[in-house]
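Engineer: Assemble the whole structure, with the sequences as input and the hints as a guide.
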Amino acid sequence: MYELLHDLLGDSLLVYVIGAALPLLFVLPFAVVAVLLEMKVSAHMQDRVAYMYTGWHGVLQPVADILKLLQKEDTVPAAADKFLFRLAPFLVFMGGYAGFAALPFSSAYIGSNIDLGVFYILAVSSLAVIGLMMSGWASNNKWSLFGAMRSVAQIISYEIPSALSILVAVMIVGSLNLQEVSKFQEGGIQNWIVFGGPMPLLQKLLLLPFTITAFFILFLAGIAEVNRTPFDLPEAESELVQGYNTEYSGMKFAIFYLAEFANMFLVSGIVVSLYLGGWTSPFGDVMSGPIWSFFWFVAKGMFFVFLQVWIRWTLPRLRVDQLMYTSWKVLTPFLFVCIFAVGLILVL
Amino acid sequence: MDLFTIVFYFLAIITLGAGAVVVFSRNIIHAAFALLFAFFGVAGLYVLLMADFIAITQLMIYVGGILVLVLFGVMLTSQVLDVQMKSGTIQTFPAVLVVSALAGTLVGIFWSTPWKTTAAAPMEVTAAKIGEMLLTSYLLPFEIASVVLLAALIGAALIARREKNA
Amino acid sequence: MGIQLYLYLSAILFMIGVVGVIARRNAIIVFMSIELMLNSVNLTLVAFSAFLGDVTGQMLVFFVMTVAAAEAAIGLAIIISLFRNKQTVNLDEINILKW
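Protein chains in written order, with my numbering: chain H, 1 to 348; chain D, 1 to 166; chain F, 1 to 99.
Among the hints, erroneous ones may be present.
[What the hints assert, rightly or not] What follows is a set of in silico ranges between Cβ atoms, one per label pair, in the way DEER data are often shown:
id: 1; chain 1: H; residue 1: L208; chain 2: D; residue 2: L153; range: 51 to 57 Å
id: 2; chain 1: D; residue 1: G17; chain 2: F; residue 2: N90; range: 22 to 28 Å
id: 3; chain 1: D; residue 1: F93; chain 2: H; residue 2: M171; range: 53 to 59 Å
id: 4; chain 1: H; residue 1: S249; chain 2: F; residue 2: V67; range: 31 to 37 Å
id: 5; chain 1: F; residue 1: Q87; chain 2: D; residue 2: L97; range: 30 to 36 Å
id: 6; chain 1: D; residue 1: F24; chain 2: F; residue 2: I94; range: 21 to 27 Å
id: 7; chain 1: H; residue 1: Q322; chain 2: D; residue 2: R162; range: 19 to 25 Å
id: 8; chain 1: D; residue 1: L149; chain 2: F; residue 2: L5; range: 32 to 38 Å
id: 9; chain 1: D; residue 1: V107; chain 2: H; residue 2: S249; range: 47 to 53 Å
id: 10; chain 1: F; residue 1: G53; chain 2: H; residue 2: M45; range: 57 to 63 Å
id: 11; chain 1: D; residue 1: R162; chain 2: H; residue 2: G19; range: 47 to 53 Å
id: 12; chain 1: D; residue 1: I6; chain 2: H; residue 2: T54; range: 42 to 48 Å
id: 13; chain 1: H; residue 1: Q322; chain 2: F; residue 2: G53; range: 48 to 54 Å
id: 14; chain 1: D; residue 1: F24; chain 2: H; residue 2: P316; range: 45 to 51 Å
[To be verified] With a straight-line Cα cutoff of 16 Å, these simulated EDC-like cross-link-like pairs (lysine to aspartate or glutamate) come out:
id: 15; chain 1: D; residue 1: K129; chain 2: H; residue 2: D115
id: 16; chain 1: H; residue 1: K183; chain 2: H; residue 2: D285
id: 17; chain 1: H; residue 1: K142; chain 2: H; residue 2: D65
id: 18; chain 1: H; residue 1: K183; chain 2: H; residue 2: D115
id: 19; chain 1: H; residue 1: K40; chain 2: H; residue 2: D65
id: 20; chain 1: D; residue 1: K129; chain 2: F; residue 2: D54
The hints are simulated quantities; they were obtained by calculation from the structure and are not laboratory data. Cβ atoms here follow ideal geometry from the backbone N, Cα and C, with glycine treated the same way.
Structural biologist: Pasting the structure below:
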């Protein structure tokens, strides 16, 4: 990708700026679609119809929402720490967006083909943690602060299961680069790492229970890291109004939302790349190639975004102690067993 | 100036500016958040030096771990809401004295030493090399580091825990 | 670009940290200044490692970071229990052992 840009524009700052802005071309339309998806899916699950007036079945409603948010007054509380209050939404979005650089969208496109792909994504997502704390503190509102504290505690606790379950797939492939991980799983649905990867049959069958466990835990921990129901304690509206973004309005609030949707897709993208073949086609060589691979990646990613919406409108919220119990006493020990077993099977 | 130099000076200004805010700001929370930018600037400098693994580890450990701990520390030891968190300065004179002595020594050394550098090929995959060394020639320090971390974990939990009958 | 630039940069960062350690009252700011000093030392190590083409420097940085993480956990635990017992984290008010 960068070679092409280099050929077109020469070696200049512009190349890097365009390269950095490319995933935005995906994230912004995705956010619009995701807002609609969230509303429509939730409505149909509750036997409602949601928006019907703007456009056919209300498909233009997200656009109208964005126009409304753009015009809204941008309020800053009088007692807030003004500078940090303004900075926080951008940090939160940056943490999510920076991760897209290492996500392989297609066999021909990955933002930055670094060797430490997944590790990088894990590291930059910690920026969002700081952003959340900043927004909670700068708002000078106790609900915001409680929401931010809960959010940070939750994200840090669930970073451990998600890192460990990423490790399971990384051990099987032997690379942290998500592009390599995707390539490893080429050749059809039976080669995906959830189903044991492209190993000899016996090894595959031995790996199968552990990879499936790790896959489910990664998805669960991912939902927890983006603070969605059943793990949406930071935004528990019955206790904390709206959590850390209580005081935000207008575009800053929109940026928090954008960050949440970007994170939803990022989590889905990681799950898909590591366990479900990434951009590879489920039918082997049929329907493969750069364009199809982009289609497969986005289709799989969107399926997991849909799954997150589905879970949100199905399960009730956990209590704080249940949340911590799940992370430390259930998911983490299970993953230790998984890592140990997978290591043993790979050595044998 | 090429892009490399511009980026270097940009990161240097971020790092030093944020470091100055950490030390000289009167508001503790501002100091803690400025630390984020200092860590970030240093991570950027690591990238410029082709140490990608160290740069990402820096983000992971310092920003994701230590900074969050510091922020929790600040919020637990101060009146967070309503009251302004101020902090004063003491011993200004000894500080100036020590720093000027230190600065003189360091600049003198930098000036007089003929630094040896090899125009070696840029190290491509540092993570693989570091991993290899960790499990061969540096295996003992690596294992000791894990024991240190375990001890720190238990110790921190023990010290910070509220005593039951106190 | 020579190694001196990196050395000067980390020297300045180190001295900022020294000022913080000596001149500030708040224990947490002293603590943050120590982190700054550790960072400047790490920067020097990585710079030497890059200019000598040897990974050993980065190795050392890795261990420094490990110890820094341990130190952060213990240090903040001490500061918090200190605050719990004395309701202050100002270093000049913590003087029971002084006489």
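Engineer: Each hint: holds or not?
Structural biologist: Hint-by-hint comparison with the structure:
1. Range check, L208 (chain H) to L153 (chain D): about 34 Å between beta-carbon atoms, so the 51 to 57 Å window is missed.
2. Here the CB-CB span from G17 (chain D) to N90 (chain F) is close to 26 Å, well matched to the stated 22 to 28 Å.
3. For F93 (chain D) paired with M171 (chain H), a C-beta distance near 57 Å keeps the hint of 53 to 59 Å intact.
4. The hinted range of 31 to 37 Å is not satisfied by S249 (chain H) and V67 (chain F), whose Cβ atoms lie roughly 45 Å apart.
5. About 32 Å separates the C-beta atoms of Q87 (chain F) and L97 (chain D), a value consistent with the hinted range of 30 to 36 Å.
6. Between F24 (chain D) and I94 (chain F) the Cβ separation comes to about 22 Å, which falls inside the hinted range of 21 to 27 Å.
7. Taking 19 to 25 Å as the suggested C-beta distance range, the pair Q322 (chain H) and R162 (chain D) conforms, at roughly 22 Å.
8. At roughly 34 Å, the beta-carbon separation of L149 (chain D) and L5 (chain F) lies within the given 32 to 38 Å, and the hint holds.
9. Restraint check, V107 (chain D) to S249 (chain H): a C-beta distance of roughly 51 Å satisfies the suggested window 47 to 53 Å.
10. The hinted range of 57 to 63 Å is satisfied by G53 (chain F) and M45 (chain H), whose Cβ atoms lie roughly 60 Å apart.
11. Between R162 (chain D) and G19 (chain H) the beta carbon distance is about 51 Å. The supplied range of 47 to 53 Å therefore holds.
12. A hinted range of 42 to 48 Å for the beta carbons of I6 (chain D) and T54 (chain H) is consistent with their spacing of about 47 Å.
13. Between Q322 (chain H) and G53 (chain F) the beta carbon distance is about 52 Å. The supplied range of 48 to 54 Å therefore holds.
14. About 49 Å separates the C-beta atoms of F24 (chain D) and P316 (chain H), a value consistent with the hinted range of 45 to 51 Å.
15. For the given pair, K129 (chain D) sits about 12 Å from D115 (chain H) by alpha-carbon distance, which is consistent with the 16 Å threshold.
16. At roughly 13 Å between alpha-carbon atoms, K183 (chain H) and D285 (chain H) fall within 16 Å of each other, so this suggested pair holds.
17. Distance restraint check for K142 (chain H) and D65 (chain H): the Cα-Cα separation of roughly 28 Å exceeds the 16 Å cut-off, and the hinted pair is therefore not satisfied.
18. Proposed proximity of K183 (chain H) and D115 (chain H) is supported: the alpha carbons are some 14 Å apart, at most 16 Å.
19. Using a Cα cut-off of 16 Å, the hinted pair K40 (chain H) and D65 (chain H) holds, with the two alpha carbons roughly 15 Å apart.
20. Taken as a hint, the K129 (chain D) and D54 (chain F) pair is honoured in the structure, with Cα atoms around 10 Å apart against an allowance of 16 Å.
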